[in-house]
Every structure is written in C-alpha cells, then in structure tokens.
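Peer 1: Residue numbers for the first sequence follow the working numbering, so the first one is 1024 and each next one is one higher.
None of these hints come from the bench; they were simulated from the model.
Note that the coordinates shown come from a computational prediction; the quantities given were computed from them, not determined experimentally.
Hints are not guaranteed to be accurate.
[As the list claims (entries may be wrong)] The calculated lysine to aspartate or glutamate pairs, modelled on DMTMM-like cross-linking and capped at a C-alpha distance of 25 Å, are:
1. 1288 - 1613
2. 1266 - 1358
3. 1296 - 1257
[Stated by the list, open to error] What follows is a list of derived Cβ distance ranges for each label pair:
4. 1217 - 1543: 20 to 30 Å
5. 1460 - 1353: 35 to 45 Å
6. 1235 - 1305: 16 to 26 Å
7. 1124 - 1688: 35 to 45 Å
8. 1552 - 1515: 11 to 21 Å
9. 1449 - 1469: 18 to 28 Å
10. 1959 - 1281: 56 to 66 Å
11. 1544 - 1881: 55 to 65 Å
12. 1037 - 1264: 50 to 60 Å
13. 1488 - 1115: 54 to 64 Å
14. 1235 - 1766: 40 to 50 Å
C-beta: ideal position from N, C-alpha, C; glycine also.
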Amino acid sequence: MSYHFNKIEEKWQKYWAQNQTYKASNESEKPKYYVLDMFPYPSGAGLHVGHPLGYIASDIYARYKRHKGFNVLHPQGYDSFGLPAEQYAIQTGQHPALTTENNINRYREQLDKIGFSFDWSREVRTSEPDYYKWTQWIFIQLFESWYDEEAEKSRPITELEEIFSAEGNTRLNAVCDDDTESFTADEWNAFSADDKERILLKYRLTYLAEAEVNWCPQLGTVLANDEIVNGVSERGGYPVVRKKMTQWSMRISAFAERLLQGLDKIDWTESLKESQRNWIGKSVGAHVDFKIQNSPYKIGVFTTRPDTIFGVTFMTLAPEHELVKKITTPEHKEEVEAYMEATAKRSERERMADVKTISGVFTGAYAEHPFTGESVPIWIGDYVLAGYGTGAVMAVPCGDQRDHDFARHFDIPIKNIFENVDVSQEAYAGKEGTVIANSDFLSGLEYKEALNKVILELEKTGQGYGKTNYRLRDAVFSRQRYWGEPFPVYYVNGLPKMIEEKYLPLRLPEVEKYLPTETGEPPLGNATHWAWDTKNNEVVSNSEIDDKTIFPLELNTMPGWAGSSWYLFRYMDAGNPDRFVSEEAQKYWENVDLYIGGSEHATGHLLYSRFWTKFLYDRGWLTVEEPFKKLINQGMILGTSAFVYRLEGENVFVSKNQVKGNNVQPIHADVSLVNASDELDIEGFKRWRPEFAEAKFLTEDGKYIVGREVEKMSKSKYNVVNPDDICANYGADTLRMYEMFLGPLDQAKPWNTAGITGVHSFLKKLWKLYHNGEEFSVSDEKASADSLKTLHKTIKKVTEDIEEFSFNTSVSTFMICVNELTAQKCNSRDVLEPLAVLIAPYAPHIAEELWERLGNTDSVSTARYPVCEEKYLVESTKNYPVSFNGKMRFTMELPLDLGKDDIEKAVLEDDRTKNQLSGSAPKKVIVVPGKIVNIVV
RNA sequence: GCUCGAGUGGCGGAAUUGGUAGACGCGCUGGAUUCAAAAUCCAGUUCUUUCGGGAGUGUGGGUUCGAUUCCCACCUCGAGUACCA
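Turn these sequences into a full structure, and let the hints guide you.
Peer 2: Here you go:
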C-alpha cells in the first residue's frame, strides 16, 4: 500500500478536531510548558509558505514537550485590529469586522491543513468586544496608577492623593511631567477638584498631554517612534511631520531602568536584547544649569562629559526649544525666526537626509559659565534634537565632533583642554589615558576622577547634579482610526473620566464613513451614537449631550500594539468574563516559556508587552514580571522571483542569455509559470497577461529562460508560493519537514520548491519501512543489534537537535536513520514503534497513521518519548586516524577500551607506521583516546 | 559612522570544550529496470594530478603536533540603528 498522504492527513486532522486532542487543561499533575507564536494579523492575501515557518518550529517543540510528559499550552489567535481592513473599508464600504472575519476564516482553513497542534478552544481575537473589554480595563488601571521611584513600582493613584493631602509633593519621588509645580499639603487641599485632576494627570501612567507627535498626513494618524522607519511610515512609506496634538501617552519612560535590567534575566538572543538596549538608550552623565546673562532664565543641559566643562565655548539650543523666543535679542530676531521657520518646514526625512550640512544662527544672548563666569554665546542649530535630553547642549568643540564642526563652520573658538592632544583638525572623543588640562580644579586629572569631582562640585554649588538620561520616550497611545479599541473615556469640562469597569466593554460604534470628518476629527467623529450618559451608564446619541449628565466620548482609538501587549495572558483563561485572566490560571501557567516570532517586533511589541507585564505585576494582577522567558526569532523565507525581459518599446521578449547588449525592461512573471529549470511556459504566460497575448518570444534552443532574483515574498512580485498547493501535491508532513530542512531556523533563506522531492521521498521510504508491498508488515521478532544502534543513535541526535532548535539537522538525521534501517531490512516493532513517536513532532499525520497500524488505539501524541539507551550505542572498536606531523596517512581499527599506552604501542608496531618512519624514532606521539593518534617526526 | 551577525563544493547547508572538512538533501554523471517515459534502485560527484600525491573552509599573519573552530589585522555581504550631547 503506497503512501496516500492526502487521505491520511485529512483523516487525522478530522480526528484531532473531533477528539480535541490538543486541548490543554489548567489543572494537571504534569509540569507545565507554554509555547507561543506571535499571533498573525489576518491579511487579505492569506498565508504564504513563509508564514508557517515559526509555527512549524513551535509546533514541533510543543509536540515534543507533550511526549516528554509536559502539560503544554500551545494556543493561537488573531491580532485582528489593524489598518488594511480599515483601508479596504474606506475603498469599498465593507465593514472591517466583515473583512476581518472572512480573512480569519481563510487563515484558519490554511492553518488547519498544516496539522498544527493548537488548542483552538482558547482562540483570542483582539477585535472581539469580549477581548478588548480587558484591553480597556488595563488602560483604566494604567490611568489609575502612578510610578513611585522610591519603591520602583507602580501604585494606585488613590495612594498618591493621600500623600498629596498629607504632605504635598515636595518630598515625593515620583515620575511626572517636567513642568509639574510643587505644592504643600495645604495648597493641595485648597485646590479645586478640576485643578487636582489636572495635577494628577501629570502623574498617571497613561495621560493626556499636548505633545509633539509624528503626524502622517497620508494615513491621517499619528505614529509611535517604532512605527517610523527612515523618516517615513513603516506601513505605506508615507512622509511623517512633527505636529503638536493632544494625545494619550503611556508613561513607559518610568520603566526604562527596569526594562533594561530585566533583559539580563531572560533568554533572548543577544542581538535582540541589544536592540532593546539601544532603544532604551541609557546614558549616565550630569545635568548642568547655565545662567543666561541679563535674563531671569537658565538653560539646563544634559551631558555625558561634564569633565569637559572647561572646554565649553558656546551653547546650542534646538530650534524648537522654548527659551529661543525668550532670549533672542532684538537685533537677531529676524534671522532666528527665519531659521526656525525653515527648520519647521523640513520634514523629518529631509532633516535626516542631509546631516552633513551645518546650519545654525546666533541668538545674540550669552550664558555664564558655571565655574569661570565667562560669557558663552548661545546659538541655535538643528543638529540638536528637541526630543532628546533637554533639547540644549553645552558645546565642547575639542571633545565632540559635531560641536567641532559647528565651531569651525561659524568661526567659534575651540579651546583645548586635553594634554598632548591636537584638536585643531578634529575633536578628541577618547576618555581613558588622557589628562585634562586648562580646567582649573580639574587640571591634571584623568577622565574618571574628573567626572566624579565635577559632579560633586556642581552639586555643591547647586548648579547641576549627576543624572541618568534615557532615549526611550513616552509612547503616544492615540490613533485617529476607526478599526481599533475605543478608549473607555468621556470628557467633562475637557477633563478625561473613565467609564466604570462594570460597564465595559465600550463597543466600537457604527459609522457611515471610515474617513476622518470634514472638521478633521478622527473617524469616530462620524458616529451619531457616541455620547456617554452618566446617569444610566450607557452610550446615547450625540444630540443628547448636555454637559451635565451626558458627555462626549473620546474619538481616538488605541494603537495596534494595545491588544498584543497582554494577549499571552488571555490564552491562559480565554473567555473568562470576570477577569482578564484568573489568578489561578495565571499562577499555573506563569508566563511564556518559549516564544517564536520575527525580529521586526524588537522595539515595538516586545518592549510594550514587557512594559504592561511589569505594570500588571506591580499592581498585583500577575505573578511574573516578564512575559517571555525564552525567545527565538525565525528568519524570513524569501521568494525567488522570475523575470522576463521585454525589449524597450517593443512587444518582444528575449530569453535571459540574450539580454546582454539589449535595452530591456524586466517584468515579474508568475513563478507558477516557470519550471525548475527556469523555463517559462510561454502559452501560460500569454493567457496570464492578456496584454502580452500577441507578444513574440525569442527563445534559446526552443526554450525561454527567465531571470531569477531573491526578494521578499509578495503578491505584487508574483513570487508567492501557497502552502495549500504544497500540501495538495506533497502533503503537510512534507511541507513541515521541508520548511525545517531549508536551513537554520533563525536565518533568512529563499524558498525553492525544487528541493522538496528529497524530503517527500524520505517520507515514502519511511512508509515503506512499515510495509511489505501493499501489506502493513511489522514483525514481533527481536531487532538486530545494528538496527537498535541506528534507532538509539537517532533518538540521541534528534533529541539534542530539538533542544537546541537545530531542526534542519534533525531532518537529516531521520533521513540517515531510514536509509540505514532500509539497508538493514529492519521491520521489527522494537525499532519501528519508537521511531513513529520520534518523528511524530515533525510529521504528525504519517506518525498517527503508522501508530494506529501498529495496533494502538490512542493518539500518538499520548505516547512517551523514546529514551536513548546508551548500551546500544557502545562500540567495541574505533577507527583511529593516524597522522604524521598533523597529516593523516591511514586509519587503524583498535579496541575502544585500550589505554593511551596500549594505543601508542599498537600504532608504533604497525607496519605502515614503521614504513612511514623508515627506521628513525618518532619525536613525540600524541594519543587522544577515542579520537586520533598523531606522530611527530 | 556605531552595534550585532555571517563568509565552507554547482546550490541549500553539516561539523566548534581544537582531532578523518564537505554529513543530509538538491542538481549533475553513469548504470539497473522499462518498448519508452515517469517512478524506483545502485554507483560516482571539492578542485587538481604525471594517480605517488598536492591544494583547499573570505584574505594575510599568529598560537599548536594538529585550526572551519582560538587570537590579531583586513576584505566582503547581511541585519539593526543613526546628529542621542
């Protein structure tokens, strides 16, 4: 009976669904293990062969862990809020919920065909009200919390109010807005309710504030820093400009240090941790205040090199700095304003494009050097960023290249404060090994001593203090979109109020149009039924707003990362109507043991979910502080595009090798029209692109050869390979094993269907091992020693490979195993039964079928993983390579249990050795038992 | 520029507490089977050679009896990040 993979796979997929084979229980005697994939956004294009790569790897691991006796949680769901469905809605009017539903159904169909062991009973969808109810709930908890820097944790806002009314905020060490005024207890108690509310907003972990944001006009929304790549939007590649808007923000900056420290405790790749470290961008230095001459103001700067303070010859402010307008002298006003205007006009992208052009203007104002009292001219320049530090720098041209360039460009003096260093041509940025000169009390000191001394001095004189700065900014949380979580917020006197928990979810309202309103409000501004009745606690029509009991609701929605920041916990207890996850369920599953997904989420999702987890931990809703213990990034599977070459201006195509010397235009051809030897199906191509139906094709030897190029898989490049086709032609088991066989999991690699036959014929050979002709044939006779050795060797290697996520080599190991067993004519149950279990994580369908034929009534997934018994691996002899001066000459078979001296003796007595030595005595003999013998002549 | 990662046959890729480089698969070559093809099976396949060998893991050096593996310098490619004071 031959290997009918289609029938087998259909049969077992049905069986697993009917028997809920992979349903995980929240109670078990077994140890728990949680394997999670990054859940997909269900796009309209469906899955291509690249998508399941990580899912296959995690599925193998999940299945392996089940065999090893773990209670495994391996769920899947959908990150179903997002832009494409909304844009489709704008174009077609189809409700995003409908589009999303259709896409999810298609995804599910495709996923099911690959035979994953997901527990679908725990499926989550971020766009479902039952789910986003809890996203809203977490938002409210963030609003009701503040960050205590003393205790290094988030605390309820009610405790902050108690502190305020007892002692004001003067002694408090809490994270808050920079412009927070200080007050005493008496002052606090005398404030009006609205004033109190405004002050509390400066402390809440999610807050409403006017902020300079990244506005993308084409998308009609603001973007977070991690959603911008090279100055344009990550999605669509549209320009992004800076704009002031009132927005919800997340005070993630409060967690900067813990997010940084936490990295040391988790098992992630070093490169990923490094990305997060860079993103958090911790730098240690000092804050220094410079008095401005003839003015009540002072300029605060952050510097990592306070030791170079005597090298300051000017200061530079960012053009957007708030003091610029206040300190500019009348005679420089016109110039400064022109400069400010010019910078504001430039987009982020332009500003990044020409970093080499030096520009700036003098404000006419002077600051006072904190130690020498000398006058320091104040400039503005766009090389200083408003968003980092204080938006102002003390410029030390001898120690910083940018300051140096600026000074030289504008003829500002450069003062050298380094001994024996020439700074006339370029700045000296080194720290160790130089002595500071020309620096009053710092002269003669080295970097470290100077650093400590100057900070001490600054603090003594009240002109500054040691400070740690982080690059990590608070995350803007508002999006001007329709298809996202509505904020559970209404406004009274312009102040935000939270809807009470028991009235959640606040459901997304229906709208006529998904575009922003004519007045520029977000799409929810189109909703007619979008006001909050505080009497009946329900959504009512906007026309009823009376500002007494009925108030307007927030029009923004939450960003894409809101729902994905906590979904891992929902799987533990999906569907719980009373809590986002029950205490028991969370305590049992703790957090994710293994997380697999792409590295593109390094500074977005993976940082935000760590932030929310830490927050929920602080407030006592979770027992873990990190969401993902171990994380593996799978590499992308790339497509191999095919190109045809059209002669410029003609309807004639030339084959690949005739391109040279011709002026041709390469055009993507659908990869399904090209065979493995790069030959184009010309008739098929003509039917596919009717505009080329009449085209002429210049062939070579009667064949039209296409050009190839490796690119990202995408519909528009016609290089997409659909997993459904592979499953239909070769089976899911072949697809699974081939995807693993392609190369190391974490590496990017092009898809190449040609090689799949190797893996497919391996599965056919495996099938044959259990069959004799058409009959199932496994004997109860004892297995031969050779076969047992093959089996146990395989168990050992495959197990090691799985533990190290080297799935590609384990496929090779299986191939060797089956080849050996075939050669040994092995058909003993002793070997074939464990082999079926061993391969089940990789090729579950064929394993189930063989398992059943072996007479088992349970699913193979309930079988215990075979144990490698070393006794079968024991060798009695070993081939020793014998080398002379490191060059191998021959091998000698010797018993393995010989000692060093015996091996040496045996080798020296061998005729071939004597021949090599030709009478002379060896200088040295090196014997590594079990490995090699080297003779030095 | 900085950070991280990687360079091994025609191709994807194996092999690291330093010990027979090229496992396994694709492709290719030859053979068996077949009227023929597909499928299947067997053998060969780093380069070079006067058939004794010789060279060989990006380049140049070093440590070692012995280096794909360790050290130094350089080159190339990929990823991330980018005026971060």
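Peer 1: Compare the structure with each hint and give your call.
Peer 2: A quick look at each hint next to the structure:
1. 1288 - 1613: holds, 15 Å
2. 1266 - 1358: holds, 23 Å
3. 1296 - 1257: holds, 22 Å
4. 1217 - 1543: 20 to 30 Å: Between residue 1217 and residue 1543, where Cβ atoms are some 27 Å apart, the hint holds.
5. 1460 - 1353: 35 to 45 Å: Holds, at about 39 Å.
6. 1235 - 1305: 16 to 26 Å: holds, 23 Å
7. 1124 - 1688: 35 to 45 Å: For residue 1688 against residue 1124, whose Cβ atoms are near 41 Å apart, the range 35 to 45 Å holds.
8. 1552 - 1515: 11 to 21 Å: Holds - the Cβ-Cβ distance for residue 1552 and residue 1515, about 19 Å, lies within 11 to 21 Å.
9. 1449 - 1469: 18 to 28 Å: The hinted range 18 to 28 Å holds for residue 1449 and residue 1469, with Cβ atoms some 21 Å apart.
10. 1959 - 1281: 56 to 66 Å: With Cβ atoms ~58 Å apart, the hint holds.
11. 1544 - 1881: 55 to 65 Å: holds, 60 Å
12. 1037 - 1264: 50 to 60 Å: With Cβ atoms ~55 Å apart, the hint holds.
13. 1488 - 1115: 54 to 64 Å: holds, 59 Å
14. 1235 - 1766: 40 to 50 Å: holds, 44 Å
This entry satisfies every hint, going by the numbered hints stated previously.
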